[in-house]
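2 protein chains.
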Amino acid sequence: MNGKNIVSSKYVETDAVCFEAVNPATGKILAGDFRKASFSSANAALAAAEIAFQSYRLINKDLKSAFLRCIADQIYAISDKLIARASEESGLPVMRLQGELGRTTGQLRLFADMVDEGSWVDAIIDTAIPERQPLPKSDIRRMLVPLGPVVVFGASNFPLAFSVAGGDTVSALAAGCPVIVKAHAAHLGTSALVGEAIVNAIHQCGIPKGVFSLLYDDGYDIGSYLVQHPKTKAVTFTGSFNGGMALVKLAGQRSQPIPVFAEMGSINPVILLPEAIQTKPEELAKKCAVSITMGAGQFCTNPGLLIAVQSAELDVFTKALAKAISETPSATMLTAGIHANYQRLSTEILAEHGLTLLAESAIIEEKFQHQSIARVVTVSAKQFLKTEKLQQEIFGPYSLLVIAEHTTQIEEIIEFLDGQLTITLMTADKELATYPDLLNKISDKAGRIILNGMPTGVEVCSAMQHGGPYPATNDSRFTSVGTQAIYRFARPVAWQDWEHSLLPDALKDGNPLGINRLVNQKWTQE
Amino acid sequence: MNGKNIVSSKYVETDAVCFEAVNPATGKILAGDFRKASFSSANAALAAAEIAFQSYRLINKDLKSAFLRCIADQIYAISDKLIARASEESGLPVMRLQGELGRTTGQLRLFADMVDEGSWVDAIIDTAIPERQPLPKSDIRRMLVPLGPVVVFGASNFPLAFSVAGGDTVSALAAGCPVIVKAHAAHLGTSALVGEAIVNAIHQCGIPKGVFSLLYDDGYDIGSYLVQHPKTKAVTFTGSFNGGMALVKLAGQRSQPIPVFAEMGSINPVILLPEAIQTKPEELAKKCAVSITMGAGQFCTNPGLLIAVQSAELDVFTKALAKAISETPSATMLTAGIHANYQRLSTEILAEHGLTLLAESAIIEEKFQHQSIARVVTVSAKQFLKTEKLQQEIFGPYSLLVIAEHTTQIEEIIEFLDGQLTITLMTADKELATYPDLLNKISDKAGRIILNGMPTGVEVCSAMQHGGPYPATNDSRFTSVGTQAIYRFARPVAWQDWEHSLLPDALKDGNPLGINRLVNQKWTQE
Chain A
1 MNGKNIVSSK YVETDAVCFE AVNPATGKIL AGDFRKASFS SANAALAAAE IAFQSYRLIN
61 KDLKSAFLRC IADQIYAISD KLIARASEES GLPVMRLQGE LGRTTGQLRL FADMVDEGSW
121 VDAIIDTAIP ERQPLPKSDI RRMLVPLGPV VVFGASNFPL AFSVAGGDTV SALAAGCPVI
181 VKAHAAHLGT SALVGEAIVN AIHQCGIPKG VFSLLYDDGY DIGSYLVQHP KTKAVTFTGS
241 FNGGMALVKL AGQRSQPIPV FAEMGSINPV ILLPEAIQTK PEELAKKCAV SITMGAGQFC
301 TNPGLLIAVQ SAELDVFTKA LAKAISETPS ATMLTAGIHA NYQRLSTEIL AEHGLTLLAE
361 SAIIEEKFQH QSIARVVTVS AKQFLKTEKL QQEIFGPYSL LVIAEHTTQI EEIIEFLDGQ
421 LTITLMTADK ELATYPDLLN KISDKAGRII LNGMPTGVEV CSAMQHGGPY PATNDSRFTS
481 VGTQAIYRFA RPVAWQDWEH SLLPDALKDG NPLGINRLVN QKWTQE
Chain B
1 MNGKNIVSSK YVETDAVCFE AVNPATGKIL AGDFRKASFS SANAALAAAE IAFQSYRLIN
61 KDLKSAFLRC IADQIYAISD KLIARASEES GLPVMRLQGE LGRTTGQLRL FADMVDEGSW
121 VDAIIDTAIP ERQPLPKSDI RRMLVPLGPV VVFGASNFPL AFSVAGGDTV SALAAGCPVI
181 VKAHAAHLGT SALVGEAIVN AIHQCGIPKG VFSLLYDDGY DIGSYLVQHP KTKAVTFTGS
241 FNGGMALVKL AGQRSQPIPV FAEMGSINPV ILLPEAIQTK PEELAKKCAV SITMGAGQFC
301 TNPGLLIAVQ SAELDVFTKA LAKAISETPS ATMLTAGIHA NYQRLSTEIL AEHGLTLLAE
361 SAIIEEKFQH QSIARVVTVS AKQFLKTEKL QQEIFGPYSL LVIAEHTTQI EEIIEFLDGQ
421 LTITLMTADK ELATYPDLLN KISDKAGRII LNGMPTGVEV CSAMQHGGPY PATNDSRFTS
481 VGTQAIYRFA RPVAWQDWEH SLLPDALKDG NPLGINRLVN QKWTQE
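Going line by line, the protein sequences match chains A and B.
By the count of the numbering used here, the first sequence reaches residue 526 at its end, each step adding exactly one.
By the count of the numbering used here, the second sequence reaches residue 526 at its end, each step adding exactly one.
For reference, chain A alone in the conformation it holds in the complex (with noise of 0.2 Å):
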């Protein structure tokens, strides 16, 4: 396990402070010593960064392409290695991590095939008219361009899919921006593995070296630092919205602005709307205790929030879901910090006027620590509506059952409501027609809304948004999840009246890359 700072694809030698893995499960050391990044190591990485950039914003999309797969074939060569070593550090189950591998590699090879389509640059052309009167028109073609050095912060939860080689870290390197990791402290040998993976690519595509980077900290000095770094060009962050509101202010005082983009969570409503209860109270009810406690309910998408009316039905839909979550065995959460967290939130919220714990889950697994506790918590519409305390997140197998009146109350909860990444609408089909407002009020409020489903288990796909409005991120226009999470880091240029040899192809006449083009206002492929 090499634990060394990678600074453009080589380890650093001087680096020499070190620091440790834990077992969050048993609290044993892990191997792999750490080097604490140096603020020279972060310098070094954003020079070379800077460099390349210069030659891999230019680099033919057959390479680049290329060199997306060979990431993933890389991490899948050491899967076995890989999932062991993220287990062992995260907490969570070998089946789980074998999914997000599946998921990881998937994700390279989707941004992979986009570039190979070559469409994302969004061409658009508008030809010359010489004859325009009072003034000739320009021949004007624009296309994206790649934004410069991008520093990607690991995030705790999903160790592989959003880490060193996740979302942020392809899609910077799909739209030709170098990556400078910032790894989680959580999963550090998962880190270094799949840095180890990626140099591997770089070195086998033969891509400039200073296309990534990979540093350590076990604190905030060195994230700190790459935030107000002048040379950095983008940031992406997926965690707590503290440390995502914390990154977005050191921006702020950059004397060059840059896009920060935080993807902070959020408490994704559920709306149990009358029908559905009614239909299959008890089915409901475990689909959401299913929800709430996967994976530890450490994922941005937990369903924190369920909304119903009162009725018989909802009587027997909270039974089977206080049995449900009761019968719960309790998790490892992903750190100390983040158990210690929930333990202290889940419990202090128990003591806001009109809440009763409804139930929690009665089986502790003791021969391990940091151990989640499920909890569901009931309140009242009414009180709801009078406390904003009862919108914080609280990361971790938690739900707070709020319980409307009758249904016009759902829409004054909506009304109420911060900006979440997800809403979920639960009903029966003929129900849906009566609620239209209900319908727009929750895409104003959401990124992703959901018909009868639950809202973990994020595809990723084109269409995914895996965003939406503050305080579940900060800028709701840019998804984390997707292809589409390539736009945070392109720009557009224009070329007025250019030499067409000189163009690049996505710009030529004739469409020699056969992309989606808009010309003239017509969208063509030919």
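Incorrect hints may have been included.
[What the hints assert, rightly or not] Calculated cross-link-like contacts (lysine-lysine; reagent style DSBU-like; alpha-carbon spacing at most 35 Å):
| id | chain 1 | residue 1 | chain 2 | residue 2 |
| --- | --- | --- | --- | --- |
| 1 | A | LYS209 | B | LYS522 |
| 2 | B | LYS508 | A | LYS280 |
| 3 | B | LYS319 | A | LYS137 |
| 4 | B | LYS323 | A | LYS382 |
| 5 | A | LYS323 | A | LYS386 |
| 6 | A | LYS508 | B | LYS28 |
| 7 | B | LYS441 | A | LYS441 |
| 8 | A | LYS441 | B | LYS10 |
| 9 | B | LYS441 | B | LYS323 |
| 10 | B | LYS367 | B | LYS28 |
| 11 | B | LYS61 | A | LYS430 |
| 12 | A | LYS231 | B | LYS382 |
| 13 | A | LYS522 | B | LYS522 |
| 14 | B | LYS280 | A | LYS137 |
[To be verified] These stretches of chain A come out as covered by chain B in the derived footprint (C-beta under 8 Å, 3 or more residues):
| id | segment |
| --- | --- |
| 15 | 245–257 |
| 16 | 357–370 |
| 17 | 441–447 |
| 18 | 464–474 |
| 19 | 493–499 |
Calculated directly from the structure, the hints in this document are not laboratory data.
Note that CB positions come from ideal geometry on N, CA and C, so glycine has one too.
Got chain A sorted already, so can you dock chain B onto it with the hints?
Coordinates of chain B only, in the frame set by chain A:
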């Protein structure tokens, strides 16, 4: 001339503090008592915008495009009155304002066409795969929805095309966002007339009244208040670096982050390669002089920097340029403040080491005030590369000619440059291919790169990019001119497993709107 603030399409009777419009050429007070907007008017405007947004964001696209065309018609109907007033207030000649009026109405119609065509919503559809292993894939469909109320700051130098019904307003309205315009104090009467035209269009088309408000202020109070208002969802600004960054910083202090789009001008380098100079030195010099002095140089795309290599032909060029500049009559500048700044900066700069005044306008119109004196200054490349200050924009008919010893210095100069709205290459056909690095370097520093044209004259079309790396703008990923400006004001929403009949038309099977969509990774209009 009704100078009362317009809140929610109604004149406000209660704002009592008055100020006046001035003719910058004569110092004469013009008709109209303009009212300083109170904070209570600003609050009312945003409250009405927030409410109107809930219906405006859902209106039929035919009605939305009809509304934009109706604004164009209403403006066209008052052309003569509007141009007369705009000329009196801004000092700009009638012919220039006629062109600008055409551009303004043309821009409204172009956005109406885009709304009609409908593909701008970027619809992406990934259909379900229920049989997928290990987990079924949901049906996910994504499109853009509007952000909410947008605050638009009118720009001094385009009293029609970048003011009350200018590019920012039309792109926000086209996206489905209500607009609150902070009128520029340099063209109050023009603002009032256009405001009335928009109100007429709102009434005529039955658009929610809160979609439009227009507020006046002779200071910064209302602008600052609007930027920090919690109901504001985006801000646009075109103007000086200091003004733009002040708004960016103000917005950075908000608890809820919002996008601010500040187009802050640049010096728009024009690189004169040797063969271009050799071929037609005198013709080129005349073209440069026209572009430098057009509209008293008050364009964001004014060529404030010329770069050439010393040669005998360059001497011919500089002589011709000096002659053309000295023969350019002075012109009235937009405001006393802009004039004073220009005079001060274009004089102070001469104190910098190594600068020589090449020529200045010798024809001063003594009848009028605030006359700009065109100035061209020269400096050696060596000195330029040592003096960061020479990159400052001097807003007015000013340009700095940098004389390099050899062509390799040109690349050094480009690397030294700050981000720009435009960079222009003047060259002869055969010469171009010998500078591949140069071509790549200029695309890395600018939003628009021009071959053998002049940067002034920004075409309003789909392929236009009017923006660029900092400090040209604070966010190079967006344009403020052309149809793509709409993307500043929209965010994606994904519908997951949604009931088909309740999906927006843009996302329905069978593509009822006939728009360009990405369906299961294939671009199609079917």
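- Query: Okay, the segment 357–370 of chain A and chain B, do three or more residues pass the C-beta test at under 8 Å?
  - Reply: violated (count 0)
- Message: Check whether the Cα positions of LYS280 of chain B and LYS137 of chain A lie no farther apart than 35 Å.
- Response: Status holds; Cα separation ~23 Å.
- Query: Between LYS441 of chain B and LYS323 of chain B, does the CA-CA distance stay at or below 35 Å?
  - Reply: Given that 35 Å is the threshold and the Cα spacing comes to 33 Å, the pair holds.
- Hey, LYS522 of chain A versus LYS522 of chain B, does the alpha-carbon distance stay inside 35 Å? Distance ~17 Å between LYS522 of chain A and LYS522 of chain B Cα, so the pair holds.
- Query: Given the hinted pair LYS209 of chain A and LYS522 of chain B, is their alpha-carbon gap at most 35 Å?
  - Reply: With a Cα-Cα distance of about 34 Å, the restraint between LYS209 of chain A and LYS522 of chain B holds, given a limit of 35 Å.
- Claimed coverage, the segment 493–499 of chain A by chain B - three or more beta carbons nearer than 8 Å: holds (count 7)
- Task: Verify the proposed pairing of LYS367 of chain B with LYS28 of chain B, using a straight-line Cα cut of 35 Å.
- Result: Judged against 35 Å, a Cα distance of about 13 Å means the pair holds.
- Within 35 Å, alpha carbon to alpha carbon, are LYS61 of chain B and LYS430 of chain A? holds (28 Å)
- Task: Please work out if LYS231 of chain A and LYS382 of chain B have their alpha carbons no farther apart than 35 Å.
- Result: Holds - the C-alpha atoms of LYS382 of chain B and LYS231 of chain A are around 25 Å apart, at most 35 Å.
- Query: Given the hinted pair LYS508 of chain A and LYS28 of chain B, is their alpha-carbon gap at most 35 Å?
  - Reply: Violated. LYS508 of chain A to LYS28 of chain B sits at ~54 Å, over the 35 Å cutoff.
- Has the segment 464–474 of chain A got at least three residues whose CB is nearer than 8 Å to a CB belonging to chain B? Three-residue rule met by the segment 464–474 of chain A, so holds; n is 7.
- Message: So if I understand the rule, the pair passes when the alpha-carbon distance is 35 Å or less; does LYS441 of chain B with LYS441 of chain A pass?
- Response: violated (47 Å)
The structure is inconsistent with the numbered hints 4, 6, 7, 16, although it conforms to all the rest.
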